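**Student:** Each chain is listed here by its residues.
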Amino acid sequence: MRPFHPLFILEIIPELVTYLPVTLGMVLGTVLFGGMWGFFLALAKVRRRPVTKALAEIYTYVTRCVPSVVMLFVVFYGLPELLLSVGINMNGVDNGFFVIVTFSILYAANISEVFRSAYLAIDKGQREAAVSVGLTEAQAFLRIVLPQSIVVAIPNFTNSLINLMKEGALAYTIGLIDIVGQGNRIIGRYQGSYTLEVYLALAALYWIMTIMIQKFFGAVEKKLSRGKKELTTAA
Amino acid sequence: MLEIRNIHKTFGGNQVLKGVNIKVEKGDVVVILGPSGSGKTTLLRCINFLERADEGSLDFDEIHTELKNASRRTVNKIRKKTAFVFQNYNLFQNKTALQNVMEGLTVARKVPREEAEVIAKEALDKVGLADRYGYYPSQLSGGQQQRVGIARAVAVRPEVILFDEPTSALDPELIGEVLCVMKELAREGVTMVVVTHEMSFAHDVANRVVFMEGGVVVEEGTPRQIFQSPREERTSQFLHRINRDYDYSI
Amino acid sequence: MELNTKFMGETLVKVLAGIPVTLEITVFTLLIAGPLAFLSAVARAENRKVAGRLIAGYVSFIRGTPVILQILFLYSLLPSLLNHLIRNVLQLDYNIFDWNPVVYAYVVFIVNNLAVLTEVFRSALQTVNQGQLEAGLAVGMTKRQTYLRIIIPQAMVAAMPNLCNSTIGLLKSTSLAYMMGVKEITSIARTAAAYGYDYIEAYLDVFFVYLVLCTVVQLIFKGIEKRISVYKQRLAG
Numbered sequence: 001m002r003p004f005h006p007l008f009i010l011e012i013i014p015e016l017v018t019y020l021p022v023t024l025g026m027v028l029g030t031v032l033f034g035g036m037w038g039f040f041l042a043l044a045k046v047r048r049r050p051v052t053k054a055l056a057e058i059y060t061y062v063t064r065c066v067p068s069v070v071m072l073f074v075v076f077y078g079l080p081e082l083l084l085s086v087g088i089n090m091n092g093v094d095n096g097f098f099v100i101v102t103f104s105i106l107y108a109a110n111i112s113e114v115f116r117s118a119y120l121a122i123d124k125g126q127r128e129a130a131v132s133v134g135l136t137e138a139q140a141f142l143r144i145v146l147p148q149s150i151v152v153a154i155p156n157f158t159n160s161l162i163n164l165m166k167e168g169a170l171a172y173t174i175g176l177i178d179i180v181g182q183g184n185r186i187i188g189r190y191q192g193s194y195t196l197e198v199y200l201a202l203a204a205l206y207w208i209m210t211i212m213i214q215k216f217f218g219a220v221e222k223k224l225s226r227g228k229k230e231l232t233t234a235a
Numbered sequence: 001m002l003e004i005r006n007i008h009k010t011f012g013g014n015q016v017l018k019g020v021n022i023k024v025e026k027g028d029v030v031v032i033l034g035p036s037g038s039g040k041t042t043l044l045r046c047i048n049f050l051e052r053a054d055e056g057s058l059d060f061d062e063i064h065t066e067l068k069n070a071s072r073r074t075v076n077k078i079r080k081k082t083a084f085v086f087q088n089y090n091l092f093q094n095k096t097a098l099q100n101v102m103e104g105l106t107v108a109r110k111v112p113r114e115e116a117e118v119i120a121k122e123a124l125d126k127v128g129l130a131d132r133y134g135y136y137p138s139q140l141s142g143g144q145q146q147r148v149g150i151a152r153a154v155a156v157r158p159e160v161i162l163f164d165e166p167t168s169a170l171d172p173e174l175i176g177e178v179l180c181v182m183k184e185l186a187r188e189g190v191t192m193v194v195v196t197h198e199m200s201f202a203h204d205v206a207n208r209v210v211f212m213e214g215g216v217v218v219e220e221g222t223p224r225q226i227f228q229s230p231r232e233e234r235t236s237q238f239l240h241r242i243n244r245d246y247d248y249s250i
Numbered sequence: 001m002e003l004n005t006k007f008m009g010e011t012l013v014k015v016l017a018g019i020p021v022t023l024e025i026t027v028f029t030l031l032i033a034g035p036l037a038f039l040s041a042v043a044r045a046e047n048r049k050v051a052g053r054l055i056a057g058y059v060s061f062i063r064g065t066p067v068i069l070q071i072l073f074l075y076s077l078l079p080s081l082l083n084h085l086i087r088n089v090l091q092l093d094y095n096i097f098d099w100n101p102v103v104y105a106y107v108v109f110i111v112n113n114l115a116v117l118t119e120v121f122r123s124a125l126q127t128v129n130q131g132q133l134e135a136g137l138a139v140g141m142t143k144r145q146t147y148l149r150i151i152i153p154q155a156m157v158a159a160m161p162n163l164c165n166s167t168i169g170l171l172k173s174t175s176l177a178y179m180m181g182v183k184e185i186t187s188i189a190r191t192a193a194a195y196g197y198d199y200i201e202a203y204l205d206v207f208f209v210y211l212v213l214c215t216v217v218q219l220i221f222k223g224i225e226k227r228i229s230v231y232k233q234r235l236a237g
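Chains as they are written, first to last, in the working numbering: chain A, 1 to 235; chain B, 1 to 250; chain C, 1 to 237.
Bear in mind the hints are in silico, worked out from the structure with no lab data behind them. The structure presented is a predicted model; accordingly, all values stated were derived computationally and were not measured. Hints should not be assumed to be uniformly reliable.
What the hints assert, rightly or not - Straight-line C-alpha distance at most 30 Å; calculated BS3-like pairs for lysine-lysine:
1. LYS143(C) - LYS68(B)
2. LYS80(B) - LYS143(C)
3. LYS53(A) - LYS222(C)
4. LYS110(B) - LYS121(B)
5. LYS222(C) - LYS232(C)
6. LYS126(B) - LYS232(C)
7. LYS110(B) - LYS183(C)
8. LYS143(C) - LYS110(B)
9. LYS222(A) - LYS14(C)
10. LYS226(C) - LYS53(A)
Whenever a hint applies, use it, and build me the whole structure from the sequences.
**Tutor:** See below:
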């Protein structure tokens, strides 16, 4: 066995951190595009139009059954050919594009469920009360229902974000150079001498990011849920 | 039969019981009255070791123990001599009414299954639930659930049953059926300690009323004495407040 | 875009042969990690000191890092570590590298699911009302009896939806076992595809097989949940 060099972990973290923007950019891009797509899916699920509702449900079900890595390969190999058949050449497109497309497809399904359950968690009486005092439907939604839904959605949203970030570590399998990709390059540079150290450094980075995301959204939730606290009687 | 001396209990700096003594004889129906936060419920829970008191001793028949460091065996022994009826019923959600009543017999007291079933059915019949053996708690009304709770307590033939505000989670129209069952038990000579806000029950059924406030026993006596000629100012104030509330509610 | 349907059909048949391996990893992991996770969840609920902290830290670390890293790390560590132990410490002439790599897949997924399931059971135990324990003690049962007969059966029902989700998560993540050279569904498809570069067809096969497997898992859980949650059903009317 090769000797273990704990200090090497600290040595390479700065180099790995320079690739964090790629990892985080992938996450943000996915949250943006997947989030929008997921919003429409959620809308289709709560509205009473049977065809779009059924389509949205089937989409969610199917995408949730597929391993990310399989979806990643299907998109990576399939999308260029699909687009080529309608005359679009994908040669030279950055691999990050395929990563964001893949994870947007998957993330939309997850986040649509988060949106849907948050919307349903708000008592119907809230909308009725808002309308009864003269607010329009749009106002009732934007001013009363939506703010409450957001608070309800935060824990699930946080989980979906963390899952997305962790699944995103698969992007290196199609050649994206994010922190994991760079980690593998470092391993190659030293002919595999520091494999364990590199993986531990990566694990540490992911763990820190997960904890930061949890802490951040925990604080946001606390701040936003002022109205939800129950009255506490003086002990 | 049961005697508690000098019981103290503090929750995070908040002293809830400040040296309470209480004595229960066989056949007694002791009702504990008092405003909320006076420590009544905590007292009851300490007797059954659902809370550990900080100080004080307990005598139960031949058993003598300090409350603070009673051994696991002693605790179990005392729990087997007592039964507890909870404010929010606490029926076992995954068991039917009959199974709820049998559980304490078959598991805790190793009564054979067939025998336990007979006892349990008898207990349920007594509380008027002969037609609800196979029902799960979620299928019963609050009043029915509490009657199962009482049957569960009765079935183990305890020497004393501790009632912790048994009717305060119930809708007004369901309170009567539960009080009725409790009155019947009292008539049969079952020893009971009852924390309640039901003045009529205290007045009609109890043979001793204990008034607590601020973690101490303010006074105790017969219902007649407490309701008609309380010695302590605080007792009469409390009774006044309660009676006024009654007037409003009519 | 044209799919090579003939190849797709042939590969599907080959891929089906990988199903037992995928299921083996999933089931074996659940059987080992499940009971252990239950114990650690109870330990965490009952012990707020050292043991509870250690478990919480373990769960946080495993759930805070990607499975793929856990695979890469353990697969680089374990074979050479075991080889070192056997040859140099135990002084045996035994070739660890002959082992079926599925062994490492078991280890990785057990390590991972121990954390995932601990969290599932912990939140399930929290849904059971504290009053249930008190009622058990009040009728004279011991804490252990109350846990076994009252609390755990209720917690299991509460855990079912999350247990189903985490099983599906596990099933899906076994597709990464190809990285350890395990001949499961994905790995068979990759090998078949590499010959003629028919990757899309091969992965669509895998896609389809997972769709079916997930559906079966969900049906099984629906069935179990229905059976064990009789007590929750309200009467009609």
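**Student:** Just to be careful, I want the Cα atoms of LYS80(B) and LYS143(C) compared with a cutoff of 30 Å; is the pair within it?
**Tutor:** holds (14 Å)
**Student:** So if I understand the rule, the pair passes when the alpha-carbon distance is 30 Å or less; does LYS110(B) with LYS121(B) pass?
**Tutor:** holds (17 Å)
**Student:** Run the distance test for LYS222(A) versus LYS14(C): straight-line Cα separation, threshold 30 Å.
**Tutor:** Status violated; Cα separation ~53 Å.
**Student:** Do the alpha carbons of LYS126(B) and LYS232(C) lie within 30 Å of each other, as the hint requires?
**Tutor:** holds (26 Å)
**Student:** Mind checking the alpha carbons of LYS143(C) and LYS68(B) for me, to see if they're no more than 30 Å apart?
**Tutor:** Holds, at about 19 Å.
**Student:** LYS110(B) and LYS183(C): Cα distance at most 30 Å?
**Tutor:** violated (53 Å)
**Student:** Quickly compare the C-alpha distance for LYS53(A) and LYS222(C) to 30 Å and report which way the hint goes.
**Tutor:** The hint holds at about 22 Å.
**Student:** Is the Cα-Cα distance between LYS143(C) and LYS110(B) 30 Å or less?
**Tutor:** Holds, at about 16 Å.
**Student:** Are the Cα atoms of LYS222(C) and LYS232(C) separated by 30 Å or less?
**Tutor:** holds (15 Å)
**Student:** Between the alpha carbons of LYS226(C) and LYS53(A), is the straight-line distance 30 Å or under?
**Tutor:** holds (26 Å)
Of the numbered hints given earlier, the model fails hints 7, 9; all others are met.
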